[in-house]
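S.K.: Heads up: the sequence lines are chains A and B, in that order.
Numbering (full-length UniProt numbering) for the first sequence: 1 to 267.
Numbering (full-length UniProt numbering) for the second sequence: 1 to 369.
Calculated directly from the structure, the hints in this document are not laboratory data.
Careful: at least some of the hints might be erroneous.
Estimated spans, in silico, between C-beta atoms of each pair [said to hold, decoys possible]:
hint, chain 1, residue 1, chain 2, residue 2, range
1, A, Leu104, B, Glu131, 32 to 40 angstroms
2, A, His88, B, Gly140, 44 to 52 angstroms
3, B, Lys111, A, Tyr148, 44 to 52 angstroms
4, B, Glu134, A, Leu251, 32 to 40 angstroms
5, A, Phe184, B, Asn17, 23 to 31 angstroms
6, B, Asp197, A, His88, 51 to 59 angstroms
7, A, Leu251, B, Gln80, 52 to 60 angstroms
8, A, Phe184, B, Glu155, 21 to 29 angstroms
9, B, Asp197, A, Arg90, 36 to 44 angstroms
10, A, Phe184, B, Lys157, 23 to 31 angstroms
DMTMM-like, lysine to aspartate or glutamate: derived pairs with alpha carbons at most 25 angstroms apart [claimed, not checked]:
hint, chain 1, residue 1, chain 2, residue 2
11, B, Lys108, A, Asp171
12, A, Lys180, B, Glu58
13, A, Lys87, B, Glu19
14, B, Lys325, B, Glu240
15, A, Lys180, B, Glu240
16, B, Lys245, B, Asp313
17, B, Lys70, A, Glu230
18, B, Lys332, B, Asp282
19, A, Lys85, B, Glu58
20, A, Lys89, B, Glu120
21, B, Lys245, B, Glu340
22, B, Lys259, B, Glu351
23, B, Lys259, B, Asp341
24, B, Lys107, A, Glu47
25, A, Lys85, B, Glu134
26, B, Lys215, B, Glu98
27, A, Lys180, B, Glu98
28, A, Lys197, B, Glu134
29, B, Lys259, B, Asp313
30, B, Lys108, B, Glu98
31, B, Lys157, A, Glu126
32, B, Lys34, B, Glu351
33, B, Lys215, B, Glu29
34, A, Lys197, B, Glu98
35, B, Lys157, B, Glu240
36, B, Lys247, B, Asp224
37, B, Lys78, A, Asp171
38, B, Lys292, B, Asp353
39, A, Lys87, B, Glu58
40, B, Lys325, B, Glu288
From a predicted model like this one, the values you see are computed outputs, not experimental measurements.
No residue lacks a Cβ here, since even glycine has one placed at the ideal position from N, Cα and C.
What follows is the residue order along each chain.
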Amino acid sequence: MGNKFMRNVYMVPYMVWVLLFVIAPILLVLYYSFFDIHGNFSFINYERFFTPVYLKLTLSSFWYAFLITFISLLVAYPTAYLLTKTKHKRLWLLLIIVPSWVNLLLKAYAFIGIFGAYGAANNFLEWIGIGSRQLLFTDFSFVFVTVYIFIPFMILPIFNALNSLNPALLDAANDLGASKSTTFRRVIFPLTLDGVKTGCQVVFIPALSLFMITRLIAGNRVITLGTAIEQHFLVTQDWGMGSTIAVFLILIMFLIIWLTGFRKRGA
Amino acid sequence: MRNASIIQFRHVTKQFNDETVVLDDVSFEIEGGKFYTLLGPSGCGKTTILRLIAGFIEPSEGEIFFNGKKINQVPANKRQVNTVFQDYALFPHLNVFENVAFGLRIKKMKKTAIEEKVSEALSFVNLQGYEYREISEMSGGQRQRVAIARAIVNEPKIILLDEPLSALDLKLRTQMQYELRELQRRLGITFIFVTHDQEEALAMSDEIFVLNKGKIQQSGTPIDIYDEPINRFVADFIGESNIIKGKMIEDFLVEIAGKPFVCVDGGMNPNEPVEIVIRPEDLEIRPEGEGKLSVTVISQLFRGVHYEAHCRDLEGNVWLVHTTKKIQVGDKLGLDFNPEDIHVMRFDESEEDFDRRIEQYTEDESLGK
Ligand SMILES: Nc1ncnc2c1ncn2[C@@H]1O[C@H](COP(=O)(O)OP(=O)(O)OP(=O)(O)O)[C@@H](O)[C@H]1O
Ligand SMILES: [Mg+2]
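Just chain A, same shape as in the assembly (with noise of 0.2 angstroms):
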């Protein structure tokens, strides 16, 4: 009995700590959700969600997550691979770890720099003679920086998979006949999804509410969940609105979690 009383007790302060920065923040979204700009309860904001051009702004989110995600995941695998074969792995690791320290803004600014018309990157176009082009605020820019911003994420939970497979089994495969290739689609990649599934997660999830780096990186031209939610704070002062966009958006998170989270049975 006391011994479970004292696990209570310390249980307390994060118990205190979930009840102020996530219980109470969410319901707190979900009370404002339920009121218009005018401050009267109303499901209007519901109402508009379900409306083209909140729903388009949706689908847009979502598809640049997707291609963020998934060429995320085309870089980090063979990389995170990669990395496992090398002698000081751990080492290429933090070396690989190290730039997501960096404060996401600082990176943005820095890529500004260098896409800018007279950026860094122009410069070697001239120099290769295709001739400088517009680079900062278009598609290619934003998901290049945003994939940069977030491969580190996905990198490490697949070289922790990788890095823990059996070597045995891989020789097991090889023994039973399997090339390089059926190893891989049998055995390697089978056995790496949880690792997959972890580092799609951690990246799909922030990038479909990114924002700041759509402003800076895309001027504007894409607009995702995250920015509607900005913009309707701090520019529209619709905080009802902001509110049901930040709704569907733990709704979808919950549900990627719980997609990508689904484990096969007896696994």
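Using the hints, position chain B with the ligands against chain A.
M.R.: Then chain B with the ligands, alone, in the frame of chain A:
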């Protein structure tokens, strides 16, 4: 090349990173349909030999032949060899059926054929009805059987088993020893089995290779190796033994503890210093004054089936004796043994010289009669 040999190593050397020599000029032949055991202490290169046969690694020097064809460069997935790994290496994301079917699926076999073969392989290892279990739901002994089924289902020419019993408890282990041996007889496939347990090797094998420090010390049937170990290492590693310094006075006469004894070995130089081996179970306890040696009991242990006693002779040599007679520490006794229980070993004799000498003096012996 003789037809019967399925695997042949010719002067195979293996080094990792150009440093330590893990296998040093190893040559041997393996015949089809037999149960072979690689026996040796940890780190002697047993797994390395298996990996060379399986094709996971290539020799640094020398040649490996399979059915007379050189296979140094043939990759593992193209060899008719399957391995039962030490930790079984079963695929954790696949159930028992899919684990066993793995090799067949790669061969793109028909679905019905796969089902038939998998269930046949599973019944071979007594695992009918476990098809749809997950690997995590199987016990150690069952996993081991799945690993064996996964290997035999491909009908390889050779099955390599890397200490497959080492993770099992004693009882299951003994049971699996019988089952494995029985399985090999039924299948008629060559088994190459790795262990560092000499009793296991003696019990199961048609032929044993004793390895130490990357070299084959001796090869032969369990009885040959037990009765006629080539050197101190083999005598010591296989079973328990008394290894005592002696002198070969002439053929069939050896000096032990200062006394001459008739023996059955020969072919050495006159008065050559040698080591002799007498197994503890070959020593008979006699009353004081009888037998060939006079000894004093210095320690005794009860081992269940027998007593294990250490006795010191007049020259100071200590003899290990197994006896069912009750004796006391401090007793003065006689020790008796037969001429054929004495096995004489020369220092630094190679296996070829050993075989040649044995052939030589057994001929001499039969001529003399
Ligand atoms: N990939 C490798 N790189 C470097 N050295 C290795 C490698 N594989 C094995 N060795 C070395 O080769 C020697 C023999 O190894 P091996 O695995 O063949 O021993 P073993 O007889 O199977 O031993 P055990 O009974 O402990 O399994 C050891 O000293 C080991 O350290
Ligand atoms: Mg080994």
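S.K.: Evaluate each hint against the coordinates.
M.R.: For each hint, the structure was consulted:
Between leucine 104/A and glutamate 131/B the Cβ separation comes to about 52 angstroms, which falls outside the hinted range of 32 to 40 angstroms. Between histidine 88/A and glycine 140/B the beta carbons are some 36 angstroms apart, a value that contradicts the proposed interval 44 to 52 angstroms. Restraint check, lysine 111/B to tyrosine 148/A: a C-beta distance of roughly 47 angstroms satisfies the suggested window 44 to 52 angstroms. Against the hinted window of 32 to 40 angstroms, the Cβ-Cβ separation of glutamate 134/B and leucine 251/A comes to about 34 angstroms, which satisfies the hint.
A hinted range of 23 to 31 angstroms for the beta carbons of phenylalanine 184/A and asparagine 17/B is consistent with their spacing of about 27 angstroms. Our hint of 51 to 59 angstroms for aspartate 197/B and histidine 88/A is violated, since their Cβ atoms are close to 39 angstroms apart. For the pair leucine 251/A and glutamine 80/B, the beta carbons lie near 57 angstroms from each other, so the given range of 52 to 60 angstroms is met. For the pair phenylalanine 184/A and glutamate 155/B, the beta carbons lie near 26 angstroms from each other, so the given range of 21 to 29 angstroms is met.
Under the hint 36 to 44 angstroms, the C-beta atoms of aspartate 197/B and arginine 90/A, about 38 angstroms apart, fit the expected range. Taken as a hint, the range 23 to 31 angstroms holds for the pair phenylalanine 184/A and lysine 157/B, whose Cβ atoms sit roughly 27 angstroms apart. Between lysine 108/B and aspartate 171/A, the direct Cα distance comes to roughly 20 angstroms. Compliance with the 25 angstroms bound is thereby established for this hinted pair. A hinted pair counts as satisfied when its Cα atoms are at most 25 angstroms apart, and lysine 180/A with glutamate 58/B qualifies at roughly 17 angstroms.
With a CA separation close to 18 angstroms, the supplied pair lysine 87/A and glutamate 19/B stays within the 25 angstroms bound. Of the pairs offered as hints, the one joining lysine 325/B and glutamate 240/B holds, with about 19 angstroms between alpha carbons and a cut-off of 25 angstroms not exceeded. Of the supplied pair hints, the one linking lysine 180/A and glutamate 240/B is violated, its CA atoms being roughly 47 angstroms apart against a limit of 25 angstroms. For the proposed pair lysine 245/B and aspartate 313/B, the alpha carbon gap of about 13 angstroms is at most 25 angstroms, so the pair holds.
Using a Cα cut-off of 25 angstroms, the hinted pair lysine 70/B and glutamate 230/A is violated, with the two alpha carbons roughly 71 angstroms apart. Pair hint lysine 332/B plus aspartate 282/B holds up; C-alpha atoms about 19 angstroms apart against a cutoff of 25 angstroms. Only pairs whose Cα atoms come within 25 angstroms are accepted, and lysine 85/A paired with glutamate 58/B is accepted, the gap being roughly 19 angstroms. At most 25 angstroms may separate the alpha-carbon atoms for a hinted pair to count; lysine 89/A and glutamate 120/B exceed this at roughly 44 angstroms.
Between lysine 245/B and glutamate 340/B the CA atoms are separated by roughly 17 angstroms; this keeps the pair inside 25 angstroms, and the hint holds. With a C-alpha separation of about 29 angstroms, the suggested pair lysine 259/B and glutamate 351/B falls outside the 25 angstroms cut-off, and the hint is violated. At most 25 angstroms may separate the alpha-carbon atoms for a hinted pair to count; lysine 259/B and aspartate 341/B meet this at roughly 16 angstroms. Distance check on the hinted pair: lysine 107/B and glutamate 47/A sit about 57 angstroms apart at the alpha-carbon level, beyond 25 angstroms; violated.
Straight-line distance between C-alpha atoms of lysine 85/A and glutamate 134/B comes to about 30 angstroms, which puts the hinted pair past the 25 angstroms bound. Straight-line distance between C-alpha atoms of lysine 215/B and glutamate 98/B comes to about 39 angstroms, which puts the hinted pair past the 25 angstroms bound. Taken as a hint, the lysine 180/A and glutamate 98/B pair is honoured in the structure, with Cα atoms around 19 angstroms apart against an allowance of 25 angstroms. Our distance criterion of 25 angstroms between C-alpha atoms is met by lysine 197/A and glutamate 134/B, whose separation comes to about 22 angstroms.
With a CA separation close to 12 angstroms, the supplied pair lysine 259/B and aspartate 313/B stays within the 25 angstroms bound. A distance of roughly 14 angstroms separates the Cα atoms of lysine 108/B and glutamate 98/B; the hinted pair therefore holds under the 25 angstroms criterion. Pair hint lysine 157/B plus glutamate 126/A does not hold up; C-alpha atoms about 64 angstroms apart against a cutoff of 25 angstroms. For a cut-off of 25 angstroms, the pair hint linking lysine 34/B to glutamate 351/B stands: about 21 angstroms separates their Cα positions.
Restraint check for lysine 215/B and glutamate 29/B: the C-alpha separation of about 14 angstroms stays at or below 25 angstroms, so the hint holds. Note on lysine 197/A and glutamate 98/B: the hinted pairing holds, with a Cα-Cα distance of about 24 angstroms set against a maximum of 25 angstroms. Taking the CA atoms of lysine 157/B and glutamate 240/B, the gap is about 35 angstroms. The hint is violated against a cut of 25 angstroms. A threshold of 25 angstroms between alpha carbons decides the hint, and for lysine 247/B with aspartate 224/B the separation of about 23 angstroms falls inside it, so the pair holds.
This hinted pair checks out: lysine 78/B and aspartate 171/A have alpha carbons roughly 13 angstroms apart, not beyond 25 angstroms. Between lysine 292/B and aspartate 353/B, the direct Cα distance comes to roughly 31 angstroms. Violation of the 25 angstroms bound is thereby established for this hinted pair. For a cut-off of 25 angstroms, the pair hint linking lysine 87/A to glutamate 58/B stands: about 21 angstroms separates their Cα positions. At roughly 14 angstroms between alpha-carbon atoms, lysine 325/B and glutamate 288/B fall within 25 angstroms of each other, so this suggested pair holds.
Hint violations for this structure: numbers 1, 2, 6, 15, 17, 20, 22, 24, 25, 26, 31, 35, 38, all remaining hints satisfied.
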